[in-house]
Structures are given as C-alpha cells and as structure tokens.
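Chemist: Each chain, written out:
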Amino acid sequence: MIRLNAATLAEELCSEFHSWAWIVGGQLLRSHCILGLEAGLLPLGVQTSTQFFPMKQGDLVLLKDSRVGGSGRDRLALIQCLRDNSNALTPAIHLATAFYAPTTLGMQLPPIPLRTQGEINDAVMTALGPCGQRLRREIQTQDRVREVISRKSFQPLWNDKAIAQELTRERRELKEKISELPEGEASIELHRDGEALRVHLELEKSQMNFSFAGTSASTRFNLPIAATSGIVRSVVREWLQWPRTLSAACESLISISTPAGCMLNAPSQKTCDETLGLSAALLRTAVESVLHRWDRRVRRGLTNYFDAKAVLLFEGRAPYTISLPSGSAAMERSEGVSFFDQRAPGMAFSPERFETLCPVLIESIVERGPMDGGPATHGGMGLSLTFRVLQTATLHWEEQPSFQLPLTKDQTPLRFAEIEIKRKGEPIPLAKANPIPLAEGDLVTIHSGSSGGLIS
Amino acid sequence: MQVIGMHVGSSFAEVCVMRENEKGQLVLHEGPFHLYLPRQPLKSHLPRLLDGARADAAFSTCQFLERLFDFRLGGSTAQVVTSGCEAWPFLGTYAAQRGWIHPTKTQPIAARELSFPIAERIDANGQVLEALQEDALSLIAIKMKELGVKRVCVHFMNAPKNPLHQNQAVDYLKREGFEVFVPSLRSDLPEIHRWRRSTLEASFSGTFDEIRSEIEKGLEGQLPSSQIFFRDRHLFATGPETSRVGTLFGLDHVLAESFPQFSSILDLGLESWRLITRKQQTSWASPWGPIDAEGVTRLDLRCQPTSLLERSPHGDVAIHPKKEGFEPGPLCFGRGQKLLAFDLFASELQNHPMVKSQISEQGLAKAQSYLQTLCRMGQVRDPAILTQQLKADVLESIAWDIQLHAQEGPLMIHGFFAPLLFDALKERLPGWPLSLHLESSASLVAKIGRGSLP
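Protein chains in written order, with the working numbering: chain V, -9 to 446; chain L, 118 to 571.
Just chain V, same shape as in the assembly (with noise of 0.2 Å):
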C-alpha cells in the first residue's frame, strides 16, 4: 500500500530546499543535508529559536552561528514557525532550512527574528545587502509549505497519534534493516600531530553505538556536538540504503557518545566556522572507515570526501569559492565516477559563472590523471581545473588534512586534492602561510582530489 503520512508529506514539500530538518511536537520528523552537517544542526537551530522566541504561526527567525544549530561559513539558516500550538490539541511544527550565501561569509549571527505577525524586519533585510533577494525567495518557498501543509484534507497528519504510529512504525523497520547487520565491533584511529580521532562501533540486539572515547582536541577540527550526530547518522543511513531521510527513529536506534571538549564535541567558546566543511568531511572518512572493517559484505574503497576549495578575493567584488568535489570510491565490478559532483543545479561548478564572477580565464577542465601504479579498480579521479588570472588577487586555500587514513588491506589510498601556480611560465614555491597571492597573469591549476580504489 501507499504510505502518505506526514514524513511523505514532509520530504515532498523539502525536494526544492538544499537542507531542511522538520520539527513537530519537539520532535525531529525528518532532516536531511547531503553533507549530513545541518541534518544535525538545523533541529538545534529550531529548538534554540524557540527557546529564544515564543514563535507564532508564520513567524520567522534567521540564524547563522553553528554552535546554536546555525549555518556556518557562506550559509544562512531560516526557521519557521508553521503551526503552533495556540490550540493544545496538535502539537506545534516548525520548519528549519539553509542555503548558500555567499555575502554573508564572516558574519555570525544569533537567532534574530527575521517576520513576526506578518511584519518583515527591514533592517535585517537591508543589514543582509546582496543575499536579500536569495532570502526573499526562500521565505516565499517557505510560506508556501505552510500554506499547503494547512489544508484541510492534511490536518488528520498533524496529531501526535498520528505522528507517533509513524514513528513507531519507522523505528521497527530501521530496526529490521540494521538486524541484517552481523552483530560485533570495530574500531579505527586516525592520527596527526599528536591529535586523534577515535571511532568504536559496537552493533548489538539492533543498536548501533558510536563512540568517539579518546578522541581528542584538535586546533583545526572542530564540530559541534549537533552536527556530529547528523553525519554519523547520514553515512549510517546511506550505508544501509535507507531511502528515507534522517527522523527521530534513527536517533533511537543510532547512538553517538563523545567526550566532552573533544574535536566532535566543541566547547561553545571555539569558533567552528571556518572549517565546518573539512571537519565534517574527516568525520564522515572516519565513519566510513569503521563501516569497512565492521561490514565486509560488499567491497568497495574509501570514499574521498574532502573537497578542493579556494576562496579567490579580488579588490572590490565578494569572495569566490571554488569548490570541486572529488571522484567517487571504486567497487567491486566498477571504477569510481570520475568528479562526482551532486550538488544542487544552481550550486554546481559553473565555468561561465566563474568568468562572469571573477576577472579569470579558463584554460582548461580535465579528468585528473590516473595514479602511478594504479590498483585492479580504480576509485574516480577528480578534475583539473587550470585558470589565469587576469587581476592582482589573494588565494585562500583550504590544506587537505594530513591524517593518515586507516585502509582495508584490498583499499588503495585517496588522492588528495593539490594547487599548482606558475607565474611567467615557472611553478611558484607555496608558503606554508595563506593568503598567497596571485599577480596579473598567473595560471593557477586546481586539482580535485580522487577517491580510494580496490586491489584486485
């Protein structure tokens, strides 16, 4: 039979959103960010507006500080209040979505309530200068989930019997698809520079217990404790082929403990921002490392999450990132795709954009080259990107992390991604120190990493 309830109802109206987390009586119904960040953040974010704001129907409340559920970075993060709970019968519903903008980078922003009672907060709108219009259409959107979910014929969705059965239900079959898992353990390190990351999975009656023991502080990586639960839980989720996106059911049966002040547990006082997306890409690696070990059903190699990014900043225009994701992971009977790039249509690399948007001529995208020595089954290689720059520029770019990354003995390593710059035909020595900036006519080469392969 067809199930439509309200986590259907929930993923339907959230297909245009990049990241959404959907919070009724409290409770998480669903969340989901492709990187697994803001999966676990944005249900935070709700709860800390809601603890800040008596929230009413229609009301809104813009965040960007990831340490209280926000974005970070270049995102923003917009809560909605879609129902409340003036009539105690039903429970309230509040809706949390991020998306990309990019004028915000540096910002950090509390909760600040952006509409209440209909009256739209002009300074912040004005304060927030380019992204406005971004933001306009992303209330827009929101406005119209709550026009739809308040009709009629979905009322009979929205109770707390109805929510629970659905849960309920949820959790049993979750349970029955973690039992085709062997029961046991495993367990992986990852060092660098005297900081460790440790990962112990423990799979026992149906549970799965993640525990970070020994993982300590680290002065580059740092996640707070939301966002770690929404990764371990999505690379969970996509290991298993889950079709559905994140709920309170796999919170009950996927549990994470981390020691306090720890790299995937940051004291509130660090700044997280900067390196969110490198931190959650090490944490996702670990995860999947310890999935290898634990569940040798099907062979594949590791994933290479980590992507190559540089932030480009030319006198008098906004930052530009330029974010390539890497190949993807070799398996059993197939070499990795080649540049896997997933990201939404309007966030996808764009070399016309690029040249649109920064004084840079494109000279070239290629495949990376294989790797020397190659193994039976190659993981995909990432791209090669080779630009000149036609204006004095800064380059920010983002070091690949240097911990050595615990293999299978049938995984090859990854390849992480590299930058080369050549100025009058020349390679330039990279200073260990960022910014490095760029004259007029240098040609710089961004290399995307590629992902681990298999030895036959």
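A couple of the hints might just be wrong.
Result set (DSS-like, lysine-lysine): computed pairs, CA atoms no more than 27 Å apart in a straight line [unchecked claim]:
hint, chain 1, residue 1, chain 2, residue 2
1, V, Lys167, V, Lys151
2, L, Lys396, L, Lys160
3, L, Lys291, L, Lys260
4, L, Lys396, L, Lys543
5, L, Lys262, L, Lys291
6, L, Lys260, V, Lys142
7, L, Lys267, L, Lys291
8, L, Lys334, L, Lys267
9, L, Lys291, V, Lys142
10, L, Lys260, V, Lys167
11, V, Lys142, L, Lys396
12, V, Lys142, V, Lys46
From chain V, some residues computed to sit far from chain L (all C-beta separations above 10 Å) [stated by the list, open to error]:
hint, residue
13, Ser328
14, Pro341
15, Arg343
16, Phe393
These are calculated hints, taken from the structure and not from any lab test.
Just so we're clear, the structure is a prediction, and the values are computed from it rather than from any experiment.
For each residue, glycine too, the CB sits at the ideal point set by N, CA and C.
With the hints as your guide, set chain L onto chain V.
Modeler: What follows is chain L alone, placed relative to chain V:
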C-alpha cells in the same frame, strides 16, 4: 476545412478527423481511432483509418520520444567545443542518485570520442580573444565525415555574451551538409544545462525523424509534408522546424491552451498521468539532468497507469512510480509478466475502443491468478478485496499529488482514465472544484492547431 488531429504516445496513437461547421467551429467528423503502434504502425494504418478522407492540414502532438528515456544515447552525435573544455560535457554529467556511498551518474548523452576541441575564445564580456578559423572547422568536418557523423552540436564558452563564433560555426557546418544544433543564448542558465539540451535535440533527432516519416508516409497522397505540423512547447511547426525535446511537452501546452479558465489540468492519459499547472518553469528535470526548457510546469504523478505492483519487504503490495510501458504491457494484454496498475481497471476497460483489441480473456485470467498469488502470500485473502484496496491506493495517491502540487482554483480532469476515476476523485477531494472533459486529446490538438493557422 477539414483537419486531422493526432496524439502519438510511446505505444498508442489516437487519430481523428475534424471538420469545420457553418459557424467555423471544428467538430468531430470521424474517429477517434486508436492504434497500438507495435502492431499497427502509422505508415500502413493511417491510410486504412482515414480511407482517403480529404484534409487540409494535420496537427500532431508526439510523446513518442519518451521511449528513449531508458536508452543509452549519443552514439552518433558529435560536439564541437571550445578547446580546453571538450571534456566538460562529460565531467559535468548529473548525479542520478545522490549520496557518496552508492553514487550513480546519469548516462552520457554523447560519445567522448566524438567531442572535438576547436581553438576559439570569447571572454565573459563578449570580447573575442581568439578568432575562429575556418581551416580548423574544415579539419573537424573532414574527420566527422570520415566517421559518418551527421549531427553536430556547437558548444562554445560564453556564446550568450557574443554568439559570433557560434553563428560562424553553424553556417559553415550547415554548408558542409551537417544537421547542426546549438544551445539557447540564455545567460541565466549554466552552460551545462544549455549544452545538454542541444545534445538531446541532436540525439532525439533520428527517432523523431522516424516517427515523422511514418506519419508523412501514412498521409502521403492526402497531405504534403508542409501541411503536417508538430507541436512543441510553444507552437506548431513542420517536422524539420520542430524542437525534438519540445515535443515531449506539446500535449501539456495544448491542454493548457484548451482550458484557459482552469488553474491546473490533470491528464489521466492511457500511457501517463500528469498534472499541468500554469506555474512557469525554466528548466526540466530530464532523466539526464536539468536542461533548459521554459513553459508550463508538468508533474508526473507518483502512480502511473503502467506502474508495477509488487510485494514489498514489509508484506504489503507497493506501487512503483516508474512506468513499465505497454510493451509488453500489463498482464491483461496477455503478453506481459508483471502486474501493473492498469490491470486493476482491466475489467472496466475491456470494452473501451482504445484497448479492447489488446485485452484478452487469457490475459484477464492471468491477472486474476497473479492477484490470487499475492493474496496467498499476504494478509488479504480475497483477490476482489485486494483489488479494491489497491485501487483505493491508486486514487489516494492521485488525490495526494493534486493536493500537494495543483494550484488553487478549478481543476480540469481529462484523458483516457478520466471518466472512470472522476467520481472517486471527487469523493476524495471534497470542496475542490473539479470538472470532467471527455473530448479526446487528438480532437483538442486539432482545434488548437487549427487556431494557430493564419
């Protein structure tokens, strides 16, 4: 005036003859006739159906190209691309399934070995940095001819800012006898969407020409090809002028124009169920990734007439959104091996002129036997009850899609399944203004087509 109206789907075609009455209105004169294309090709059966009937023009919508959605395309389509970017159409292919651990990209729609770089460059301001040389085009043309290429796409960086080189290349390649396809000059869309569109146009071309040829040969003697018009997104045009990709949406626009007072139209056709709204879309989520496509929005419903019904891991019977199609078709056709949504309604439809020659007693018995097997393995033991439950699921699913996606306002329900499902949908959508329209798609196509003639 007398015109022929046609709607050609993937497996079925509907044809009618319309005549102008004294008031100048087109009314049905003959038909609608129905053809099952695998057994009744248009070329041989159109003359039999029309039996020499005089016509001044023929108007057709054509969704025949949907057959290609599961095919690997692009074997013979070449691309001429700005040097340095010739790999980009292949690197920029879309993620068919998101997620890192089980990633899938969409199939490429062109062959890598038929991507030819050419030295030319226009910058983002439209300035020519490196002029396009005819010698370079000539070398590529020679190579393409050696390889037997007939269709070529021209994909130059920043063409929307300055189409000079694009136009030069098109002129040259056309003179050399190639069929040339170019992307639109919309600068609001990424180049990969625009290039993908023109590559699809080229890749669809062969199949479109086949069906066009069938129609033209079927109408030979009655109509010259210059009077046979195909509908794409925006207008009726003769075969060579028609956008191939646009034909996928021709019926959507005919319906939108036929019922201007309705906010949304639910087309419950024989081969596909979709909702058409007046919200304008700028791109279409094709099976190969987003492509440049402007017009009314169409949503394919989650349940389709040829959706597969099979037991889910949880013990109930699930309905799959993917269309299985009519070749071989549902169990009731006697050839298929799978229970499809259509089978649930077979007993009500067995005398419908469009399908009665396809539904067999043996097929109906096969469907019934399959339902009994499902009952033996499930909680519902009576096939009749299971059938009613599954029908209810289908209707529930359609009602859900309407409530979720239709625009506020009156909804027109049209198509093969419309009379059968209308009352049940009305019960499920109390308060929603629904109307039923019984005229055939072919007839509507003829009317809108006639209205487009000067």
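Chemist: State for each hint whether it applies.
Modeler: Against the structure, the hints come out as follows:
A distance of roughly 24 Å separates the Cα atoms of Lys167 (chain V) and Lys151 (chain V); the hinted pair therefore holds under the 27 Å criterion. The straight-line distance between the Cα atoms of Lys396 (chain L) and Lys160 (chain L) is roughly 38 Å, outside the 27 Å bound, and the hint therefore fails. Straight-line distance between C-alpha atoms of Lys291 (chain L) and Lys260 (chain L) comes to about 15 Å, which keeps the hinted pair within the 27 Å bound. Between Lys396 (chain L) and Lys543 (chain L), the direct Cα distance comes to roughly 24 Å. Compliance with the 27 Å bound is thereby established for this hinted pair.
Our distance criterion of 27 Å between C-alpha atoms is met by Lys262 (chain L) and Lys291 (chain L), whose separation comes to about 13 Å. Using a Cα cut-off of 27 Å, the hinted pair Lys260 (chain L) and Lys142 (chain V) is violated, with the two alpha carbons roughly 64 Å apart. Among the hinted pairs, Lys267 (chain L) with Lys291 (chain L) is consistent with the structure: their alpha-carbon atoms are about 10 Å apart, no more than 27 Å. This hinted pair checks out: Lys334 (chain L) and Lys267 (chain L) have alpha carbons roughly 23 Å apart, not beyond 27 Å.
The hinted pair formed by Lys291 (chain L) and Lys142 (chain V) fails the criterion: a straight-line CA distance of about 58 Å is larger than 27 Å. Annotation: proposed proximity of Lys260 (chain L) to Lys167 (chain V) is violated, straight-line Cα distance about 55 Å (limit 27 Å). As the CA atoms of Lys142 (chain V) and Lys396 (chain L) are separated by approximately 23 Å, the hinted pair is consistent with the 27 Å bound. At most 27 Å may separate the alpha-carbon atoms for a hinted pair to count; Lys142 (chain V) and Lys46 (chain V) meet this at roughly 20 Å.
A beta-carbon of chain L is positioned within 10 Å of the beta-carbon of Ser328 (chain V); the least distance is around 6 Å. Here Pro341 (chain V) does not stay apart from chain L, with its beta-carbon only about 7 Å from theirs, under the 10 Å limit. Distance check on Arg343 (chain V): its Cβ comes as close as 6 Å (rounded) to a Cβ of chain L, failing to clear the 10 Å threshold; non-interface status is violated. Chain L leaves Phe393 (chain V) outside its interface by the beta-carbon criterion, the shortest separation being 18 Å against a cut-off of 10 Å.
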